[in-house]
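**Student:** From first to last, the protein sequence lines are chains L and Y.
Oh and the first sequence: position 283 is 283 in this note's numbering, straight run, nothing missing.
Oh and the second sequence: position 207 is 207 in this note's numbering, straight run, nothing missing.
Everything labelled a hint here was simulated from the structure, so no lab data went into it.
Treat the hints loosely; a few may be bogus.
Claimed, not checked - DMTMM-like, lysine to aspartate or glutamate: derived pairs with alpha carbons at most 20 angstroms apart: (1) K216(L) / D263(L); (2) K576(L) / D90(Y); (3) K576(L) / E94(Y); (4) K583(L) / E567(L); (5) K273(Y) / D286(Y); (6) K52(Y) / E131(Y); (7) K576(L) / E554(L); (8) K52(Y) / E215(Y); (9) K576(L) / D93(Y).
Here are the chains, one letter per residue:
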Amino acid sequence: MAVTEERPLELEASEAPEVVEEPMGVFTRPRGGRGWRSWVTTVDHKKIGVMYGAVALFFLVVGGVEGLLIRVQLATPSSSPDELLMSAETYNQMFTMHAVTMIFLVVMPLAAAFANYLLPLQIGARDVAFPRLNALSFWLFLFGGLFLNSSWLLGGGPDGGWFMYAPNSSVVFSPSHGVDFFALGLIIAGVASLISAINLAITVINMRAPGMTLMKMPMFTWMVLVTQLLLIFALPVITVALFLLMFDRLFGANFFNPSAGGDALLWEHLFWIFGHPEVYIIVLPAFGIVSEVVPTFSRKPIFGYPFMVFSGIAIGFMGWGVWAHHMFASGIGPVSVAAFSFATMFIAVPTGVKILNWLATMYGGRLRFTTPMLFAIGLVAMFTIGGLSGVTHSIAPADTQQTDTYYIVGHFHYVLFGGGVMGLFAGLYFWWPKVFGYKLSEAWGKWNFWVMLIGFNLTFGPMHILGLQGMSRRIATYSEGYGFNFWNMVATIGSFILAVGVLLFFINIWVSALRQRRHPVDVGPDPWDARSLEWMIPSPPPEHNFDEIPTVTELDEFWYRKYGHDEQGRLVRIAKTEDVVQKGDRAGVHLPSPSYWPIVLAFGLPWIAYGLIFNLWFAVFGAACVIAGAFGWAMEPPDDPEAHRHPAGPEADAPEGKSADVEGEGAPVG
Amino acid sequence: MTRQGEMSYPRHKRNRWLALGLGGLVLLLITACSNSGRPLTTLDPQGPESTKIQDLAGPVFIVAGVIFICVEFGVLFIVSRFRRRNTDVDGVDEPEQVHGNFRLEIVWTLIPTLILCGIAVFTAQTIFALEEVQEDALPVEVIGQQWWWEFRYDFDDDGEPDIISANQLVIPAGRQIDLSIRSNDVIHSFWIPALNGKKDAVPGRTHSLLIQANEPGVYEGQCTEFCGISHGYMQMQVRAVPAAEFEAWKQNQLAPPVEPTSSAELAGYEIFKAQCARCHQVNGIDTEAEGYSNTGPTPDPDYGADQVANNAPNLTHLMSRSTFAGSMFDLYADTGDGVCPVVSDSPTAEEQHSAGCTPNLVDLESWLRDPPAMKPMAPDGNRGMPNLGLSEEQVSALIAYLTILE
Chain L
1 MAVTEERPLE LEASEAPEVV EEPMGVFTRP RGGRGWRSWV TTVDHKKIGV
51 MYGAVALFFL VVGGVEGLLI RVQLATPSSS PDELLMSAET YNQMFTMHAV
101 TMIFLVVMPL AAAFANYLLP LQIGARDVAF PRLNALSFWL FLFGGLFLNS
151 SWLLGGGPDG GWFMYAPNSS VVFSPSHGVD FFALGLIIAG VASLISAINL
201 AITVINMRAP GMTLMKMPMF TWMVLVTQLL LIFALPVITV ALFLLMFDRL
251 FGANFFNPSA GGDALLWEHL FWIFGHPEVY IIVLPAFGIV SEVVPTFSRK
301 PIFGYPFMVF SGIAIGFMGW GVWAHHMFAS GIGPVSVAAF SFATMFIAVP
351 TGVKILNWLA TMYGGRLRFT TPMLFAIGLV AMFTIGGLSG VTHSIAPADT
401 QQTDTYYIVG HFHYVLFGGG VMGLFAGLYF WWPKVFGYKL SEAWGKWNFW
451 VMLIGFNLTF GPMHILGLQG MSRRIATYSE GYGFNFWNMV ATIGSFILAV
501 GVLLFFINIW VSALRQRRHP VDVGPDPWDA RSLEWMIPSP PPEHNFDEIP
551 TVTELDEFWY RKYGHDEQGR LVRIAKTEDV VQKGDRAGVH LPSPSYWPIV
601 LAFGLPWIAY GLIFNLWFAV FGAACVIAGA FGWAMEPPDD PEAHRHPAGP
651 EADAPEGKSA DVEGEGAPVG
Chain Y
1 MTRQGEMSYP RHKRNRWLAL GLGGLVLLLI TACSNSGRPL TTLDPQGPES
51 TKIQDLAGPV FIVAGVIFIC VEFGVLFIVS RFRRRNTDVD GVDEPEQVHG
101 NFRLEIVWTL IPTLILCGIA VFTAQTIFAL EEVQEDALPV EVIGQQWWWE
151 FRYDFDDDGE PDIISANQLV IPAGRQIDLS IRSNDVIHSF WIPALNGKKD
201 AVPGRTHSLL IQANEPGVYE GQCTEFCGIS HGYMQMQVRA VPAAEFEAWK
251 QNQLAPPVEP TSSAELAGYE IFKAQCARCH QVNGIDTEAE GYSNTGPTPD
301 PDYGADQVAN NAPNLTHLMS RSTFAGSMFD LYADTGDGVC PVVSDSPTAE
351 EQHSAGCTPN LVDLESWLRD PPAMKPMAPD GNRGMPNLGL SEEQVSALIA
401 YLTILE
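Let the sequences and hints guide you as you build the complete structure.
**Tutor:** Printed below as a string of structure tokens:
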């Protein structure tokens, strides 16, 4: 792997700048500068992380509005289709896009934002293994997301549900282009996730600071690693399935067409072999975040670190053996039903272990109820509900009553929102000061938490009852006389409270940023008295992350540089934080140069997709972008020969440790 | 961060709010658990299969509920007991640094494992018990299509259906029914919550589902696999009747359709042949003679997903059912308790009338005027019933004909 390659990238102090060798490639690389150009061409994992987060929060608003529209539609029963806010056709597109947006464009990229930003910081690296590929991932995700949403303007969104069961997804039954947008958009977003997963997994495996063995990695890093491995194996499955679907629709292949010998159940299997690990892909990063937040604000180490690690790994493994629990009613036969039923039950064990270990971490602690801690506790309390309702439908016979009813909708929102989003919000509040140099307001944050918690429970709690009382999912409306009226109204009111809760978050950003601008407060590197390496460097971190890569001897390395134990196991401060943290001095650090090519390459893909749908000339244009991007990428010199002049001036006698190099991205590979 | 002043909320006021909240919660729970007025509820099993499911799920819900309460109270306890007090001095009042407790963690890994092992045993038993077909089970074929259900009875077991009906499945109470479920187009799911869990109708496959109703009655259902634009409007019913009534119903279904006599009925019959017989069947109408090539009561069983099912509910004995259009609308006015139509071996309009069963002309008329206005359809794609642009005279003539099809 090129990453570990040692190359003397610094000039000898005696060497005059004028005798720099000619660059190897034909294109010069952009200069790091400021303004929008620096964002478009950046390969800095921190900027990319921030962009992931910003785009994800934008799509959160989009997906949230879609969710609200669904709730408004279902608030009251209807007696005829023309009473409805949305026609059945629009409604089907709405719930499809709500799910696709929330899963692929909100929760996954928000987790990717944290992973991108924090992983190198937590393991003491200067960037990810392949910085340009990292930029490519982000742009592909962004363009894939925009491409998917452009379907609204180009003949209507996909209307088959995010699960897109065949043959309802075929041209006969879904003649608009919506499903094509779905297949092609998710292929593009999937490529983005796959590249990013490989990149991050390699980063964790190869680029940890000296001394950081696997069992000294922070929990968040661990959970992200498990997630990336899940992604590496899950995404090819869905990508293949989407390709088959695309071939069925665009070129008349018959993979899923029963009348031509295809198999409708094949799609279900392929989809859920991806789709169930996907659930863990969504919640594991959030679990990782909570495992960082809870110890910090309990002022205790995580309880049973090895158990937490191995339960995460166990979830990752067992997550592959449970997909058919989405198919208990699909006629797969009693033996397979029983097998998947058991597998699903027992995946509750490692999940339960996690809950209990978080509780044990808090037990005996000195809990500080900061906003991140509130969200983390919110996750523990809410995910428990999602986990338990999950156990109730691991018993397959009961699931045949519950599946495809609102009970399931309630269940998975407790998992994905109560488990995923709560954790991600904990992370937003926790790492906000690290990323932006100021804390979000605690007062607004608490309002944010409580309103969200109440709104969330009012929205999704009643859905369990509705489901048990027989309300099916994905119905555009319901009639009077089924007893669904009351709880639907409650859920709709709850959804607006929830929306206010999310809105409070955005207000908080605005208020806090404004306050910081008027009365700047230096939060310092370590505002929470936290535990892992990212808190050892200034907030916001300098571009080069660490002045000197720390040598790790402990789990929670940073904490143990500040604190020790006395004979009774009591905490004793051994060093002042100011003396432990790094100052952000860049002397002697070499960083990868920005690049134009990732965005050029990524820009081509949606055009190829438009070409497949509308007019092949678009595809020709898109392919030209891709080829130009790949060519420019390959021909680009490994770094800007002028770069050393700008940032830190002549760096004489750089100490050994400072020559750590992340540019090691081998040119033909990266 | 909490300041000291915020903590002084008077206790008795807090208690009053607590009492109010708890009272409200109890009321809500009572409302939540009531099954009356909830025809689709899964919590009120009416047959042996659904009872087996309930007997399995009930205890699991209780176990889950107990664990839920323990964990949530654990959270509340820990949160209140171990909060950092304002008097705590950072760096001095710090907690004991516990890294874990291997034995404890093994225990709380094993306990849920053991609980789940117990549940697994009962689950396996139930899974296989739900597959046990009784010897006298009555086989019925169920065919899902966009957006209605067809039911076929083959009494003489010759492979040819003897009765083809739609939307309302009539069964003898107290006898197990062995449903063979398939689909003519996309995936649907057959679900009568009071009688059993759901089973998908997958094109190209035949799935078995057993149902049995303990008592006569009407049990409602809803298609539960998303099947396109009108998925929410795809319902069905099971009407369980005593064995003798079932026999009478069967004899009536086997009989040829009522012949039109009055001029209005005859006019309606002609319109039916010209307009409706393209997709709908009334036994005895020779569709080929009418110039329609493909329709018939028995579409090709391998009818595939690339061919939209061009057939529509068989209307030979339309008025012997109590609903139409995917069980979305009542065929009889005010059939609230499901007693209309009266089941007998040769029912007449007069007989129904004297029993208080009169056709629901309001819905029937608006349906014939513009079906997509009452139920979303994709008629351009040949899916669902199009607006035929019938005149008012044609609508009333058609209704005159259709309502004699007892």
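**Student:** State for each hint whether it applies.
**Tutor:** Hint check:
1. Annotation: proposed proximity of K216(L) to D263(L) is violated, straight-line Cα distance about 47 angstroms (limit 20 angstroms).
2. At roughly 13 angstroms between alpha-carbon atoms, K576(L) and D90(Y) fall within 20 angstroms of each other, so this suggested pair holds.
3. For the hint linking K576(L) to E94(Y), the alpha-carbon distance of about 16 angstroms falls within 20 angstroms, and the restraint holds.
4. Proposed proximity of K583(L) and E567(L) is contradicted: the alpha carbons are some 33 angstroms apart, above 20 angstroms.
5. Only pairs whose Cα atoms come within 20 angstroms are accepted, and K273(Y) paired with D286(Y) is accepted, the gap being roughly 9 angstroms.
6. For the hint linking K52(Y) to E131(Y), the alpha-carbon distance of about 12 angstroms falls within 20 angstroms, and the restraint holds.
7. Taking the CA atoms of K576(L) and E554(L), the gap is near 18 angstroms; set against the 20 angstroms cutoff, the hint holds.
8. About 16 angstroms separates the Cα atoms of K52(Y) and E215(Y), which keeps this hinted pair within 20 angstroms; it holds.
9. Of the supplied pair hints, the one linking K576(L) and D93(Y) holds, its CA atoms being roughly 18 angstroms apart against a limit of 20 angstroms.
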